[in-house]
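Following the hints, put chain B in place on chain A, whose structure we already have.
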Amino acid sequence: MKNETNSKVKKFVKKLFKRKIVIFAAFLVVFFVITAIFAPLLTPYDPYKGDFRAVLAKPGRAHWLGTDETGRDVLTRIFYGARTSLMIGVVSVMISACIGVLLGLISAYYGGIINLVISRFVDVMMSLPSLMIALALGMVIGRGTFSLMVILGISTIPTYTRMMAGQVLSIKNRDYVIAEKVMGATNGRILLKHILPNCFSPILVLLTSNIGMTILAESSLSFLGMGITPPTASWGAMVSQGSAKLLINPVYGIAPGICVCLLVYGFNVLGDGLRDVLDPRLRGSL
Amino acid sequence: MDHYYEVSDLRVTFAGDSGRSVAVEDVSFYVEPGEVVCFVGESGSGKSVTQLAALQLLPVPPASIESGKVLLSGENLMQYKAQSATMRAIRGGEIGMIFQEPMTSLNPTKQIGLQITESAMLHLKLGRREAEEKAVDLLRQVGIPDPESRLRDYPHQFSGGMRQRIMIAIAMASDPKIIVADEPTTALDVTTQAQILELLTDLAKKNNIALILITHNLGIVARYAERIYVMYAGNVVESGGSMDIFARPHHPYTRGLIKAVPRLDLGEHRLIPIDGLPPSPGVRQPGCQFANRCPYAVDACRSKPSLDLIEGIHYCACHRKGEDFDLLESKDTEESHKTTEGLGEVLLSVKDLKVTYPIRKGLLNRKVGDLTILDGISFHIRRGETLGLVGESGCGKTTAARGILKLIEGTTGEVWLNGKEILSVPEKEFRPTRKNIQMIFQDPFSSLDPRVNVEDLVGEPLIIHHLVSGKEEYHQRVDELLRLVGLDPSLKDRVAHEFSGGQRQRVGIARALAADPDVIICDEPISALDVSIQAQIINLLEDLQEKMHLTYLFIAHDLAVVKHISHRVAVMYLGNIVEISDSEELYAHARHPYTKALLNAIPIPDPRVELEREHEMLRGEVPSVLMRPKGCCFAERCPFASEQCRQQKPVLQFDEKGHGTACWQIRQECGK
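These protein sequences, in sequence, are chains A and B. Residue numbers for the first sequence, in the working numbering: 73 to 358. Residue numbers for the second sequence, in the working numbering: 4 to 675.
There may be inaccurate statements among the hints.
To be verified - Restraint-style ranges between C-beta atoms, simulated for each label pair:
no.: 1; chain 1: A; residue 1: L264; chain 2: B; residue 2: S627; range: 38 to 44 Å
no.: 2; chain 1: B; residue 1: Q86; chain 2: A; residue 2: M204; range: 51 to 57 Å
no.: 3; chain 1: A; residue 1: L174; chain 2: B; residue 2: Q86; range: 50 to 56 Å
Unchecked claim - Taking lysine-lysine and the PhoX-like style, the derived pairs with C-alpha atoms no more than 20 Å apart in a straight line are:
no.: 4; chain 1: A; residue 1: K253; chain 2: B; residue 2: K409
no.: 5; chain 1: B; residue 1: K357; chain 2: B; residue 2: K409
no.: 6; chain 1: A; residue 1: K265; chain 2: B; residue 2: K474
no.: 7; chain 1: B; residue 1: K423; chain 2: B; residue 2: K354
no.: 8; chain 1: B; residue 1: K409; chain 2: B; residue 2: K423
no.: 9; chain 1: A; residue 1: K130; chain 2: A; residue 2: K317
no.: 10; chain 1: B; residue 1: K438; chain 2: B; residue 2: K423
no.: 11; chain 1: A; residue 1: K265; chain 2: B; residue 2: K438
no.: 12; chain 1: A; residue 1: K253; chain 2: B; residue 2: K431
no.: 13; chain 1: B; residue 1: K409; chain 2: A; residue 2: K244
no.: 14; chain 1: B; residue 1: K550; chain 2: B; residue 2: K599
no.: 15; chain 1: B; residue 1: K495; chain 2: A; residue 2: K265
no.: 16; chain 1: B; residue 1: K495; chain 2: B; residue 2: K474
no.: 17; chain 1: A; residue 1: K265; chain 2: A; residue 2: K253
no.: 18; chain 1: B; residue 1: K633; chain 2: B; residue 2: K652
no.: 19; chain 1: B; residue 1: K357; chain 2: B; residue 2: K423
no.: 20; chain 1: B; residue 1: K438; chain 2: A; residue 2: K253
no.: 21; chain 1: B; residue 1: K307; chain 2: B; residue 2: K324
no.: 22; chain 1: B; residue 1: K370; chain 2: B; residue 2: K357
no.: 23; chain 1: B; residue 1: K652; chain 2: B; residue 2: K357
Said to hold, decoys possible - To be clear about the criterion: a stretch of chain A counts as covered by chain B if any three or more of its residues have a C-beta under 8 Å from a C-beta of chain B, and this derived list gives those stretches:
no.: 24; stretch: 221-229
no.: 25; stretch: 255-264
The set of hints was computed from the structure by calculation and includes no laboratory data. For glycine and all other residues, C-beta sits at the position ideal for the given N, C-alpha and C.
Okay, chain A solo, but in the shape it has when bound (with noise of 0.2 Å):
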C-alpha cells in the first residue's frame, strides 16, 4: 500500500516536471519561499534598522545589493519583502477564490433569480479596473497588511465568480451529473463532491498564477504610496523608492523588481505544470 503511494508520487512528481521550465519555475517558488521563511538565518542585518555610516552604498562585499537611503540592507529587505509578498499573495488569493468559487458555483448552479443577482454584482466588479477597486477599497479600510490582503482579495472575486460559473454551466449537464440526481443525491453533495472537483483544475491554475497577480498588484500599490506601511519591507515599497536613487545604487531599485518577475513567472509556469498534470483525462495517455 505504502510502495503504491509512493510511485503515485513518484509519477506525480515525473509528470510534473516533464517540461524543464517547470523545474525551474519550481525552483524559483522554492526559494523565494525558503528566503522567507529562513530570513533571519540568511542576513547578519536588521531589516529595519539602518546604518548611517553606509546609506545607499554600492553593491560590495558587506552590503551584497548596497543599501538604501537609511542605510538598510537592500538584500535583507528582498528576504524580508519575500515573507511579505508571499503572505499577501497567497491568503489574499485564499480568501478572493474561497468566496468567487462559492458565487460562481451557486449561482450557475441553480440559475434563475441567484444567478442573476449574482452576475450583475460580478459584472459591476469587472467594469471597474480591481486596482481601482483596490485603491478605492483602500481609502475606506485603511492601510496594513491586513487590509491589503482582503483588499487585494475581494478586487479579484469575478474572475473566480466567471470562471467557475462557465465551469459549472458546461459540467452540469453531463450524464454523471444527472446521474447523481438519479441516485437521489442533494444538490449539496452534487455541487461539492462531483462539480467542484472536477472544476478544480482550471481554478488550480488560476489560482497559482493569481498569487503572481497579487503580489504585482501589491507592489503596485505599495509604489504608489497605498499599501504596506513602513517600514515593513515589501518589494513594491523598495521599487517606489528605488527609483528615485536609481542612479546613485541603481540594484537598489532594480533587484526587488526583478525579484517581482522571477516569483511572478515561477508561479505561472508552475500553474500550467499543475494543470498538466491534474487533468485525470490526460493521466495513463503516455
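Chain B alone, transformed into the frame defined by chain A:
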C-alpha cells in the same frame, strides 16, 4: 492478375510516446470497377487508416507508411509525394471520399452549389456554367428535390440525410472511378441509412464505380457487399465473397462477430459474445492478434498466420481449419421465448406523459407557444419485464426516460411507481424514493465522474441512501456489485478513463444496481460500444434480470437488439407511441406503417436472407418537432395516409392480444 485499384502489403505505423505502434500490418486488397467491397471491423481495427494511408491522407508524422504499393490501373501511387499535383488530381478526381459525419464534412460558410462545382471545375476543367449544370444534375441524381433553387443554400439548411446526399454529389462531381465511403451512415437514422446506402450502391452500379464501404454494421455488409474484407487489429483476417463468408465463416473472429449480433429474423437465443477486449492500438502481441480472445487458440497461434487461400477467392489468416471449429462448437442454440406470463404486478405505469418546452421570443422574452417533445405517451411495465422503447433519433425516447425520472421541467401527466404517483411529488420528498428507479446511460464515457474512483462511483448510492453501516460493509458490498457485473474488484481504485468502453458500461450497471432498484431505465446502453462488446453487455443485462428479477425500460434505436432483449416493445415516432405489443408478435405481425418501414429498413446480417427481402424504402425524413403535423404524426411520410389521418390524431387501439396500434387505417381494417 491486374486489378483496377490494388493495395499490397501496406504497413502503417504511428509514433507515440511509447515508441512506434503498428496500425495497419501488411494489408492487401483490390477493387474492380462496379464492385461493392466492404471493410468490416470494430473500432481501432485499422479499416479507416488503411484507406486514408492508401490515399496518403494521413498526417506524416505521426503516421508513417513503412511499406506497401498502391496501384491505380498499374501505376504505383506511392512514388508520388502526398502533396504532389498527381496525388491531388487523384484524390477527389479518380478516387472520391465520403466521410462519416455529414454535419462536419461540409463547409458551413459556403453554398452547397459552390462546394459541388468546385470539384467538377478543378478535376474536369469545366467552366462555371457547365459545372453548375452538372451540379444540378448530380443533386437530382442523389434525390435532392428542386435542385436549381437549392444550389444557393448553405449546409445548415439541410437535414443530416440530405447533407450526406450532398456529400455523395460532391464525391461524384469529378466522375471518379472509385468512391471510398467511411461509415457513411453511422450518424444517420435507420430509415435514412437505408435510403443513402441504396442510393450510393445504385449510383455506383449505374456509373461503373468501385465502391469501398467501411462499416462496423454486419447487416449493411450482408445487404450490399459483394466482397468483404474482415479486419482485426490492423490485419485482414478473412476476405472473400459475401455469400461465402456469411455461409461459411472461417476465421474465429468472423464466426464470433456473426454470432454476436442479434438478428431480427431468427427466434430468440442467447447471444454468444467474443470474450475479452478489443486490442488497444499500439499494444501488439507476437503471432495472431486474435489469439488472446480466441476460444480455439493453439500453440501454433504464437506465430503469425498468413492469409491462405481456402477456395475460390476466400482467404483466411488462421492456423486452424474451419471444419475443426464446427466440431468444437456446441450446437446449443435452443430457442428461448420470452414470455410475458408469470410476470408480476404492474410496477411502473406512465399515463399521458407530455414534455413541452416554452418557445420564447422577442425583446421581453415572452412565451409565444409550446414546443411539444413528448406528445402524451402511456404504457406500463410489470415486475420482471423488459419493455423496449424504440424509435429514431429525435422521437423522444430519451426525453421520455428523463421525464419519468423527473429530470426535466415541463413534464405533465402521471407516472406511477409501486402504486404511488411520483410526478407531482416535490423533489425533496421524492429524493429518498429515487433509489427505486435507476438509470443506465448511453455514453459510458460521460456518465462516470472522471475524478472519482470506481469504488466510490459504484458505492455512492449506498452512502446517499444509507444502505450500509460502516466501512467494512461498504467495501464488501462494492466488491460484490463489481463481481456481479463481471469486473475484478481489485481494479476498484482506478478511475473511469482507465477502463475500456465495455468495462465502463459495466461500472454504470453496477452503480445502477447498487441501491437495489425496482426499475432500471436503460437509455441506449450499448449503442456506444463495439459489436463484440454489445453482446457481452446484453447478456449481462439478461443474466442480471433473471438473477435479481429486475425490471427494465430498455431504450434503443436498434430494433434487432430491442427485439432480442424485450418482452414487449413500444415503437415511438415524433413523441408518440405508434405501436406497442409483445415483441414476437410485433415483429411477426407489425401493423403500423412506420413499424413496418422500420423493420424493412434494417439489414439482416445474412446475405441469403437479404437477397429475398424486398427493399421498400420509406420516403422522406423525420420532421422537426417544430413542424408537428396536426393529425397522425406519421401522416406526411405514410403511403396510406388519408384525409382523416392528416386531420385527427389516432390513439392506441388494443386488440385482445394486447397489441396496440395508433393508426386510423388499421382501425378501419379491424372494424371490417
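Consistency of the hints with the structure:
Here the CB-CB span from A:L264 to B:S627 is close to 40 Å, well matched to the stated 38 to 44 Å. For the pair B:Q86 and A:M204, the supplied restraint of 51 to 57 Å holds, since their beta-carbon distance comes to about 54 Å. Between A:L174 and B:Q86 the Cβ separation comes to about 54 Å, which falls inside the hinted range of 50 to 56 Å. About 9 Å separates the Cα atoms of A:K253 and B:K409, which keeps this hinted pair within 20 Å; it holds.
Under the criterion of a C-alpha separation no larger than 20 Å, the hint pairing B:K357 with B:K409 is consistent with the structure, at around 12 Å. Between A:K265 and B:K474 the alpha-carbon distance is near 19 Å, which keeps this suggested pair within the 20 Å criterion. As the CA atoms of B:K423 and B:K354 are separated by approximately 13 Å, the hinted pair is consistent with the 20 Å bound. At most 20 Å may separate the alpha-carbon atoms for a hinted pair to count; B:K409 and B:K423 meet this at roughly 14 Å.
The hinted pair formed by A:K130 and A:K317 meets the criterion: a straight-line CA distance of about 11 Å does not exceed 20 Å. Taking the CA atoms of B:K438 and B:K423, the gap is about 14 Å. The hint holds against a cut of 20 Å. Straight-line distance between C-alpha atoms of A:K265 and B:K438 comes to about 19 Å, which keeps the hinted pair within the 20 Å bound. The suggested pairing of A:K253 with B:K431 holds, with an alpha-carbon distance near 12 Å, which does not exceed 20 Å.
About 16 Å separates the Cα atoms of B:K409 and A:K244, which keeps this hinted pair within 20 Å; it holds. Proposed proximity of B:K550 and B:K599 is contradicted: the alpha carbons are some 34 Å apart, above 20 Å. Among the hinted pairs, B:K495 with A:K265 is consistent with the structure: their alpha-carbon atoms are about 18 Å apart, no more than 20 Å. With a C-alpha separation of about 15 Å, the suggested pair B:K495 and B:K474 falls inside the 20 Å cut-off, and the hint holds.
Restraint check for A:K265 and A:K253: satisfied, since their Cα atoms lie roughly 13 Å apart, inside the 20 Å limit. For the proposed pair B:K633 and B:K652, the alpha carbon gap of about 7 Å is at most 20 Å, so the pair holds. Under the criterion of a C-alpha separation no larger than 20 Å, the hint pairing B:K357 with B:K423 is consistent with the structure, at around 19 Å. Only pairs whose Cα atoms come within 20 Å are accepted, and B:K438 paired with A:K253 is accepted, the gap being roughly 10 Å.
Taken as a hint, the B:K307 and B:K324 pair is honoured in the structure, with Cα atoms around 15 Å apart against an allowance of 20 Å. Pair hint B:K370 plus B:K357 holds up; C-alpha atoms about 18 Å apart against a cutoff of 20 Å. Only pairs whose Cα atoms come within 20 Å are accepted, and B:K652 paired with B:K357 is accepted, the gap being roughly 15 Å. Judged by the Cβ-Cβ criterion of 8 Å, the stretch 221-229 of chain A is not covered by chain B as claimed, because only 0 of its residues qualify and three are needed.
Note: the stretch 255-264 of chain A has 5 residues with beta-carbon separation from chain B under 8 Å; the three-residue rule is met and the coverage holds.
Comparing the model with each earlier hint shows violations of hints 14, 24; every other hint is respected.
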